[in-house]
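> This is what each chain is made of:
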Amino acid sequence: MQKFLAAVGAAAILAFAAGGAGAADKLKACFVYVGPHNDGGYSQQHDMGRQQVDKELGDKVETSFVENVAEGPDAERAIERLARGGCKIIFTTSFGFMDPTIKIAAKYPDVKFEHATGFKTAANVSTYNLRWYEGRYVMGQIAAKISKSGTAGYIVSFPIPEVIMGINAFMLGAQSVNPDFKVKIVWVNTWFDPGKEADAAKALFDQGADVLIQHTDSPAGMQVAEARGLHAFGQSSDMSKFGPKAHLASLIDNWGPYYVKRVKAVLDGSWKSTQTWAGFADDDIILGPLGNMPDDVKAMAQGTIDKIKSGQFFVFTGPIYKQDGTLAAKEGEKIDDATLLSLNWYVKGVDDKIPQ
Amino acid sequence: MEMLEGPILTIITAATPLLLAALGELVTERSGVLNLGVEGMMAVGAVCGFVAADLSGQPFLGVAAAVLAGMAAAALFALLTLVLVANQVASGLALTLSGLGLSALIGDAFVGVPGLGVPHLHIPGVSVIPFLGPILFGQDILTYLAWALAIGVWYVLFRTRTGLVIRAVGDNHVSAHALGYPVIRVRLLAVLFGGAAAGLAGGYLSLVYTPQWTPNMTAGRGWIALALVVFAAWIPLRVVLGALLFGAISYLALYLQGIGIGLPSQFLSSMPYLTTILVLVVISRNRVLLRVNTPACLGQAFVPDR
Amino acid sequence: MALLSPLLAIGLTVVAGFIIFALIGVAPLEALYVYFIEPLTQSWSLQDLVVKATPIILIAVGLSVCYQSNSWNIGAEGQLAVGAIFGSALPIYFPAWHGPTILPLMLILGAVGGMAYGAIPALLKTRFGANEILTSLMLVYVAQLVLDWFARGPWRDPAGHNFPDSRAFDDGQLLPVILGDSIKLNVVFMLIAVVAVWFLIRKTITGFQIATLGQAPRAGAFAGFSQARMTLFTFLISGGLAGLAGICEVAGPIEKLRISVSPGYGFTAIIVAFLGRLNPIGILFAGFLLALSYLGGEGAQVALGVSEQITRVFQGMLLFFVLACDTLIFYRIRLVRRPAHQASLRTAEAPHGNA
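Protein chains in written order, with the numbering used here: chain A, 1 to 356; chain B, 1001 to 1306; chain C, 2001 to 2355.
If you are wondering where the hints come from, they were derived from the structure by calculation, not from laboratory data. Positions of the beta carbon are idealized from the N, C-alpha and C atoms, including for glycine. Hints are supplied without guarantee of correctness; some may be wrong.
[Unchecked claim] Some chain C residues judged to face chain A by a derived CB distance under 8 Å, without partners named:
{"hint": "1", "residue": "SER2043"}
{"hint": "2", "residue": "ALA2119"}
{"hint": "3", "residue": "ASP2148"}
{"hint": "4", "residue": "HIS2161"}
With these hints in hand, go ahead and build the complete structure from the sequences.
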């Protein structure tokens, strides 16, 4: 029975392969997700980017993905499987895939690798990242204008530089409108856990916050805000449908344009290892849809976005003081990317301790 | 006092799914069956409840679907352990595993869809009494059901003949069988009740607590519920206390961070688990209480001889 | 029959899988091939199979000792994490130590860490009567949080831009590759553990005590076997093996201490222990079968676009069918006409027969 099955199976695979042989000249672009492709948050946004590649380059490119890949040895195996399987460009979409990516990239020098949110590169490995902090600055401004209690609640996952940057940018934005603005921070130690995020949201609201911002991926906090008649910002994807009256804006990851650009580069042979850190300027992040706020706040937010887009305004421009009072940047001085990428201090006014 | 209203409301709602699942498992275990598949049953209940509510637009249809799904999963478990006399621990684990996987498969198309929510009770006049009003009279319907279930389970188990039979079957199935009690049927009904309650608990998560479906949204609550049954020494009203305690400490871990207490968040997150162990140790020192209440035939297979 | 049952179970799982694939619209035969056969066809895939199966089997043989004596250690995942922490302390605090002694010491420390952590639920049970299913499970969460704190906080890589995870261990601090590209020394430990546990259970008096206490506790008590000592002993063994598996993962495929060192091996091992019917040789096969399903699942995702969740459904189904088919071994199934029916037949006959 076993042999029969194997024979039939082999025949089926051959037929499948033969059928696909005609399409063998299509470039294979592959994606590795840390969560489910339809998680309604981070991985889903990556998948939407992949779908954009399908849409725009479908005649020349064929995409596939592996989801729910645990960081560590499983990731190494999944990435290697893709490389072996003929993928010519592989996008590994989570920080924890960094070392596996580098390792496999060394074994397959002809395959191009793109690693999100990491810092290690190689001749055939690029990194790409988003300047989420730009959006958070604007969110801070909006929060300070909307909040009646002068306190925002911030649900965060883990104390990594990207998250710290986000908190700092939020505070700077809020302080530009209201220098005494306060933020309460809760670390939930997970990127995605609706129950825990809902509890954290409730705890923050119970302590007097009336605007919620999160660096976690589920819409649970938004739902709590809606139930209590308060406000919240969404994360990764458009969360307005989870809180029609509560939703102020969502910080949406728009990976599509970058993915199309890089796949095109492989197609025309111009691909080189780069480190991209994009933001509003190329629409790689979108803050929207702006709602449930007075028109003047909307205009202010849009104005700041436009200024950041055009390069007129850089969020981390001095004077910036650290939590301990020391000066981190002088008037007009811009904090450089390298410092930002390994940020581990808070700006003045943040009432929390970074776990060391 | 005003400050405590919010936290207390939150703790009560957080305790509800734990309470529902634990009460169901308590009845199951009192009849002598150890069902470790609570997490799987909750997951199926959550997904079926959400899907039904979303497709029909009626939240209560979702609640019914959740209960039925939990019972269906429990029926599979009953087939394995009561009819085919398989190892209960392994069967429960198989149920958890398949339940989690199956629920993710079923719910695949429903991720990212906002749920409808279930109405809250609103008694005019009474619900607005400060502090006591919302806590006693402003909860959602399922929370009241959970409280009622706790009292109901206590009453049936300890004040009715049915409960006596259940406990007898759990304590000594051989004698119960000799007395003519239908051991297998009693256990089947107890297992189905456990499944219904677990399914309801799952449905609560996806319909009320965070009205959405995401894979693994049960997040280990089924295991906590199992723990609570032991922790409560199989006494229904103690399960209420246990659920509230666990919910309170989990909430406190988050609340304290917001205040800025400065302890590492991992330590605070581990508080509920450490506390459960501590209280369990303290409770277990009362050997008499445990011996009286632990179903003596828990986990043992029963094969009726002719 | 004893051999037929697991094969029957596998066959039933394949059939059920066929139906599920057909229901979700994937070519069933092809899917089954990708899931169960394709991973066996390539050398790299076979190596991956061994690498994936090794920690699971290592933990599962330890758990089988526990379960046979009716001690339910559900906390292997936590003991694994603690073993990883203990073992990693050496290369993290002495990064320049590359000599031949550091690796064995790391492994021993890892096993010791797992043993110490496994002793906690055992002692809570023997001293205070606390249910060990509950305590060992709660301790899993605690251990994972402690690991997270270490890897994110004091032990994170100073050169890591404040990102979590420790620095990468150097060659002398890692398990050497012994076969092919990726099969490392921990395979040897796993095989030794399988043989050792088999020997323990079958050939030693301790093994006899374990089996007796598990199957007939009163007989064991009368024979003077101490349940308390056996509980502690079995937890130490399973904790130690889980801890060893933990440090082997860190010093093996992962090569550093990460915030999470296991995608659930401790829990998968419980399934494997039962699938292998608590017998070390059976566990060996069951472990490879389960690893096969993981690898097949990954292949199916890429080749067929099948969701990753199907793997879990498969594993659950396999366990279900094994348990169901085991009934065929343990019990004889006979169709019996119910006595009540016979009695009524007799009473119905009486008026017609001779008085």
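> It remains to establish, for every hint, whether it holds in the given structure.
Hint-by-hint comparison with the structure:
Because the smallest distance between the Cβ of SER2043/C and any Cβ of chain A comes to about 12 Å, over 8 Å, the interface hint for this residue is violated. Annotation: ALA2119/C was flagged as interfacial toward chain A, and the flag is violated, the nearest CB pair being 27 Å apart, outside 8 Å. With its C-beta approaching chain A no nearer than about 7 Å, ASP2148/C sits inside the 8 Å limit, and its interface hint holds. Checking HIS2161/C against chain A: minimum C-beta separation of about 4 Å stays under 8 Å; hint holds.
Violation of the numbered hints given earlier is confined to hints 1 and 2; the remaining hints are satisfied by the structure.
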